[in-house]
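Engineer: Sequence:
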Amino acid sequence: MQEYREFWSKMFVWNASATQRQFWLPYFINILIFILIGFVTGIDFDPSKLNSVQALVGHNLWASLISFAFWLANLTVRARRLHDADHSNWWILLYLLPIIGWIWFFILLISPSTQSTRWPRNQTQA
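Last residue of the sequence shown: 126 (the UniProt record's numbering), numbering continuous.
Hints in this document: simulated from the structure, not taken from any laboratory.
Mixed in with the good hints there might be a few duds.
Unchecked claim - Cβ-Cβ distance ranges computed for the label pairs, FRET-style:
#1 Gly101 to Phe39: 29 to 35 Å
#2 Ala69 to Trp104: 25 to 31 Å
#3 Phe34 to Ile110: 17 to 23 Å
#4 Arg5 to Trp71: 17 to 23 Å
#5 Tyr27 to Gly101: 14 to 20 Å
Idealized CB from N, CA, C, for every residue including glycine.
Start from the sequences, fold in the hints, and give me the full structure.
Structural biologist: Right under this line is the structure:
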């Protein structure tokens, strides 16, 4: 659970690295949390079932703010994971390329850790 606490407490840390465990454990915990929330509240997160106003504003302001917090924390942990594999944050832009970019970015995220001189600190030390 240390990894999950660091996921939230290091939300604004960009200049460190995150191991595979520090990236993937919170990732899967967040998936389980969203599935559980959807099951309990009956929200199925299907955008096709929303009308145009709901799609524009979101279900409500709180859900939008919580989703933004998850997105921001996930963005920074992705940057730290790339640092751990000795890649720049700019590789996150691969996600903008459909299919090929997603596959390439996934390969970068699962790549093994390397000793980096650019980002020698782990997120635990930051």
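Engineer: Each hint needs a verdict: does it hold in this structure or not?
Structural biologist: Against the structure, the hints:
1. Remark: the range hint 29 to 35 Å for glycine 101 to phenylalanine 39 is upheld by a beta-carbon distance near 31 Å.
2. The hint said 25 to 31 Å for the Cβ distance between alanine 69 and tryptophan 104, and at roughly 27 Å that hint holds.
3. Evaluation of the 17 to 23 Å hint for phenylalanine 34 and isoleucine 110 yields a pass: the beta carbon distance comes to about 22 Å.
4. Evaluation of the 17 to 23 Å hint for arginine 5 and tryptophan 71 yields a pass: the beta carbon distance comes to about 19 Å.
5. At roughly 18 Å, the beta carbons of tyrosine 27 and glycine 101 sit within the given window of 14 to 20 Å.
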